[in-house]
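Asker: Residue numbers (the working numbering), protein chains in the order written: chain V, 2 to 226; chain F, 2 to 226; chain S, 2 to 226; chain A, 2 to 226; chain D, 2 to 226; chain U, 2 to 226.
Source of the hints: derived by calculation from the structure; they are not laboratory data.
Any given hint might turn out to be false.
Claimed, not checked - Between beta-carbon pairs, the in silico distance windows are: (1) V:Ala106 x F:Glu126: 52 to 62 Å; (2) U:Gly50 x V:Ala106: 50 to 60 Å; (3) V:Ala106 x F:Val192: 54 to 64 Å; (4) V:Asp210 x A:Leu226: 29 to 39 Å; (5) S:Arg215 x V:Glu126: 23 to 33 Å; (6) V:Ala203 x F:Glu161: 25 to 35 Å; (7) S:Tyr212 x V:Ser79: 19 to 29 Å; (8) S:Leu226 x F:Glu126: 43 to 53 Å; (9) U:Arg9 x V:Asn196: 33 to 43 Å; (10) V:His24 x S:Gly80: 16 to 26 Å; (11) F:Glu161 x D:Arg204: 36 to 46 Å; (12) D:Ala106 x S:Glu220: 26 to 36 Å.
Claimed, not checked - Quick look at which bits of chain V chain D covers, simulated, 3 or more residues with Cβ under 8 Å: (13) 62-70; (14) 79-92; (15) 133-144.
If you're wondering where the values come from, they're calculated on a predicted model, not measured in any experiment.
Just so it is clear, CB atoms sit at the ideal spot from N, CA and C, and this is done for glycine as well.
Number of protein chains: 6
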Amino acid sequence: MNQPVVVRNVEQPPADAIAALEHYGVTTVHEAQGRCGLLASYMRPIFPGATMAGPAVTVSLPPGDNLMIHVAVEVCRSGNILVVAPTSPCTDGYFGELLATSLRAHGVRGLVIDAGCRDIRALTEMRFPVWSRAISSQGTVKNTLGSVNIPVVCAGALVEAGDVIIADDVGVVVVKRAVASEVAAAAEQRVRKENETRERLARGELGLDIYGMRKKLTELGIKYL
Amino acid sequence: MNQPVVVRNVEQPPADAIAALEHYGVTTVHEAQGRCGLLASYMRPIFPGATMAGPAVTVSLPPGDNLMIHVAVEVCRSGNILVVAPTSPCTDGYFGELLATSLRAHGVRGLVIDAGCRDIRALTEMRFPVWSRAISSQGTVKNTLGSVNIPVVCAGALVEAGDVIIADDVGVVVVKRAVASEVAAAAEQRVRKENETRERLARGELGLDIYGMRKKLTELGIKYL
Amino acid sequence: MNQPVVVRNVEQPPADAIAALEHYGVTTVHEAQGRCGLLASYMRPIFPGATMAGPAVTVSLPPGDNLMIHVAVEVCRSGNILVVAPTSPCTDGYFGELLATSLRAHGVRGLVIDAGCRDIRALTEMRFPVWSRAISSQGTVKNTLGSVNIPVVCAGALVEAGDVIIADDVGVVVVKRAVASEVAAAAEQRVRKENETRERLARGELGLDIYGMRKKLTELGIKYL
Amino acid sequence: MNQPVVVRNVEQPPADAIAALEHYGVTTVHEAQGRCGLLASYMRPIFPGATMAGPAVTVSLPPGDNLMIHVAVEVCRSGNILVVAPTSPCTDGYFGELLATSLRAHGVRGLVIDAGCRDIRALTEMRFPVWSRAISSQGTVKNTLGSVNIPVVCAGALVEAGDVIIADDVGVVVVKRAVASEVAAAAEQRVRKENETRERLARGELGLDIYGMRKKLTELGIKYL
Amino acid sequence: MNQPVVVRNVEQPPADAIAALEHYGVTTVHEAQGRCGLLASYMRPIFPGATMAGPAVTVSLPPGDNLMIHVAVEVCRSGNILVVAPTSPCTDGYFGELLATSLRAHGVRGLVIDAGCRDIRALTEMRFPVWSRAISSQGTVKNTLGSVNIPVVCAGALVEAGDVIIADDVGVVVVKRAVASEVAAAAEQRVRKENETRERLARGELGLDIYGMRKKLTELGIKYL
Amino acid sequence: MNQPVVVRNVEQPPADAIAALEHYGVTTVHEAQGRCGLLASYMRPIFPGATMAGPAVTVSLPPGDNLMIHVAVEVCRSGNILVVAPTSPCTDGYFGELLATSLRAHGVRGLVIDAGCRDIRALTEMRFPVWSRAISSQGTVKNTLGSVNIPVVCAGALVEAGDVIIADDVGVVVVKRAVASEVAAAAEQRVRKENETRERLARGELGLDIYGMRKKLTELGIKYL
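Extracted from the complex, chain V is given alone in its bound form (with noise of 0.2 Å):
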């Protein structure tokens, strides 16, 4: 049953894995994966045009209170991305400027949390990424213990610690950590397969005819007026 507690050690994902996620970005990694792992769409970047790749650190807390925040930085290892899910929905800024300053001490590449943020102006300053599901101003207290490092469902998506987080302007998704590189291998098919439909598309063929789809419209009963 559910007892509060911290995991220290974590296995990692590889490197190189991360880094190809990351390039290839939250929509590409999705589909290439088979279409699982997404964030719900309401997890928006606090501003435009970040991108982060990394394994996660997760953390489970109860609503208005950031405590269990503090308890995983010290576990945290550089590269790393924290995802902070409360036990029940709550929009209350759990984390500011003065969070993101320790975090970034310890190398954690940004913040996915399903929740709020606060101090916009002095994130974006500082380039810490942030997705979240709202922004306020609204504190939060240290007072009640929750988890770090256990599975957490995080805007509807099961995270386990380990687990390679990509995000970017269009949302967020999750690789579990022992298939990051086939995944990454996936992802480079796909978009080296995007590339040649991409051109076909550019000079008028219709889709229609490069996934040759005409045969199946007709069996479907499609009737053109």
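Given the coordinates of chain V, work out where chains F, S, A, D and U should sit on it, guided by the hints.
Answerer: Showing chains F, S, A, D and U alone in chain V's frame:
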């Protein structure tokens, strides 16, 4: 009763009316036509500063299935705007860079979709304008028929093929094809009148006096303390 | 009981307190006054980077009717901020470029409206700051009375005429007129303390140590694995 | 362009089609007409167990103003259903016991309103059925014109005067006047076929076999573990 | 500035006014006091048919922490109604059968909570009435202070300790303590007038005639087709 | 990576644990297992008073397509509960009377679906319990594969095949198969303790005293006025 169809030939509105409506913008056009035809305020542009106007090609399709967008490309003409309405609420990313490449190759101006859009960075770089209710990487399948160029309700507004769509930073409005020129003329008049009002307001005159509202206020029983 | 009134004379808060509160910003002020007075997080600026602070002129009005905004202009003073709250939820575009022109001519700093705003491009070009819950072209009528400078609940916060409104990228907060100077002083203290903390965090010290939380964690029964 | 009007005479659908459509209910009718015409799922009955069907009298009106409902009463005929759509989103309680008393005195069957309803207890005691998006005591004014019996979009569906409205525990659907009899016949066929299927399913046969889906599953590449 | 406090002694409104306000119900009272004081329409009773009225004991507390409800029990008097408002949006189940047992033992009539409630079956069997924004099993902790009997904004309405809360099937309204008797008298008048109107409407007279609206319609420019 | 599969054999939890968990109900079970496993509060029963508990058969499927529910029927065992999660948000009516007839013929207890349900009247008459996020007549197609008995996130909670689902008036909770008996025992203990507390509260004792909270309040700095 409702059967999947694709209507190929759609009467187009006059080109000069389209240009004028784009020039005057959504708010003025909406007012000029008697405050009808506005799409719901959750429809937002994927990048700031975009504007467009053009005749609608309408697409009715199922949740999570973009087969009919591929079908619609073939019946689009240069200058058209694609208007996509799922038959039930959906935030999936029906549309991305490849479809935009295809639409642009056929002269389409942009997209209005009561669902999700993906590939935001690439679409922004291409300057392909999209107004959507969500941003989401969640892809769609290509398995089920819908219809092209039938009347649809998109974000709460009735849109028929050949109606003029106008979109800018404030939102999206639809003008019936038959009254496009008449609405453009009314918009021009409205702007002329607003220019005079703006000057008077900028000099410090009060709307209460310019619009002659003081008598009405007294009749309604206003009380100054 | 509730009767439509316009209160002309409103006691104003000290100018130096207003300037200080704008300088410290929403998050710091909200914390400094004991975490009260925050408007709901759905209130967003119509363009990024805007800040403002000033004494509130409050407007209570019906859904879809902006008559009372026109009435309010006349009782605004230089430096004031208009705070508009409909009596039931509404996303209509009550406010646009013409009203902004009028308010600016009377020295008003900006607008906070728990409803919709339109003419986003023009307002951005004018740099007239607005925090709203929606962007919508839907216009309003001018038929029904409301009140000016009575206490209103705007986006979940109680605002009285003459209270100080502070708004920035994170949101909007209200400070009671009577405690404006006291809150400004508390904000200054808070910032000084945060500056020290920031330096220590940037050097890699942990919040757990700076805030002395380790003993509490042990008492709460945290378990490291 | 849009001008306030009241259309007095509306062609009515055949009475036997109305009775049949009420008998078959919303889900069956919606399927029988090819899955169109459904109102959004947020439209809920104010008390359980109510059903109704009848020709629509449509009302388009402003947020927070029910003047046009009073105007509409005069043009209602016995058996009609009032369909009320505000021009922008509104949850105000436009409708209560007094208006229900008036409508019933003129033979109106019930109300569908994309806004709020009040006096729930009295309406329940009267058994006057209402489908609404909200329950709210917030009253409305009677100051601004709208239109009666023009086409409206209500909860996402296009409704024209004289179309048949069918409502039950599941929701509300609209059937075009011209196809009411045809849809009723299709609904009857559908029910007959469902009765056979139900018996087979109740005996334990699988849908996979009854609908012949096994071959398709194999083609799609399903994998049993 | 804001400090956690518990105010023990609260001036109570007259008992006969409370009884009268409960008798007239939410809609009539809301109208009688000039359409103010209504809580947001998302506040719904956990079982149908409940009504209550009584002086408010207010509780301001953090998200996910119900410590202050326990504190509030001690300062409740017989006939009071507990009004609970979290400092940021929360749907947790702050309240269940055990707290209801405790409140009932101290004579409290019921609860209004801008958050979640649990133990619905037990509360229904006890007939302990609750109006809430959500139903949720998610429990709360007891770690952080808030305040009792300070002014709170609950579901968009300002409530002060000793104000009269009235709740029924339609929703919840608050009446300022000082005007409770005056509002009760106005409600009585309103009901008397409505009784006459109801009889005339039941006989088929039109509201257009009873309220004398035809002249206004003509002036506004209505057009009958 | 994610491929459509159907897992036929699922280890089942002990029958006595299931019976006990149903007996104790959602709130008690949720508390007893350390406050995890709760589905989002928007999941509501389609009729009041229903309860159920049983091992989950999970279904992951696309928006607007219920093919995989038909597939799942074949692998259900007597006493199972179907748990259906679309891969993106959807309110379509995936489920109605015919599928309920089929499931009941195979001994299935009920349904939990993070989407819409239809045929409410028939399902209520059959007493087939369903917890859903919406009620909608909008039908689905049967064109696209998903998976059966893989781990799914349903309404924010991770559910694996064979986990115990408990549902009642308050909501839905999931208990991991491996700890079902342990949680049932903890629930029993909890209920015993609550019975004692209830008696003391009913006699008028305060929670402040029963739970020994007065010392903590003093330490936290509460101030009585």
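Asker: Hint by hint, say whether it matches the structure.
Answerer: Hint by hint, here is what the structure shows:
no., hint, in the structure
1, V:Ala106 x F:Glu126: 52 to 62 Å, "34 Å, violated"
2, U:Gly50 x V:Ala106: 50 to 60 Å, "56 Å, holds"
3, V:Ala106 x F:Val192: 54 to 64 Å, "55 Å, holds"
4, V:Asp210 x A:Leu226: 29 to 39 Å, "37 Å, holds"
5, S:Arg215 x V:Glu126: 23 to 33 Å, "32 Å, holds"
6, V:Ala203 x F:Glu161: 25 to 35 Å, "31 Å, holds"
7, S:Tyr212 x V:Ser79: 19 to 29 Å, "23 Å, holds"
8, S:Leu226 x F:Glu126: 43 to 53 Å, "46 Å, holds"
9, U:Arg9 x V:Asn196: 33 to 43 Å, "41 Å, holds"
10, V:His24 x S:Gly80: 16 to 26 Å, "51 Å, violated"
11, F:Glu161 x D:Arg204: 36 to 46 Å, "45 Å, holds"
12, D:Ala106 x S:Glu220: 26 to 36 Å, "33 Å, holds"
13, 62-70, "holds (count 4)"
14, 79-92, "holds (count 5)"
15, 133-144, "holds (count 4)"
In this structure, the hints that do not hold are numbers 1 and 10, in rising order.
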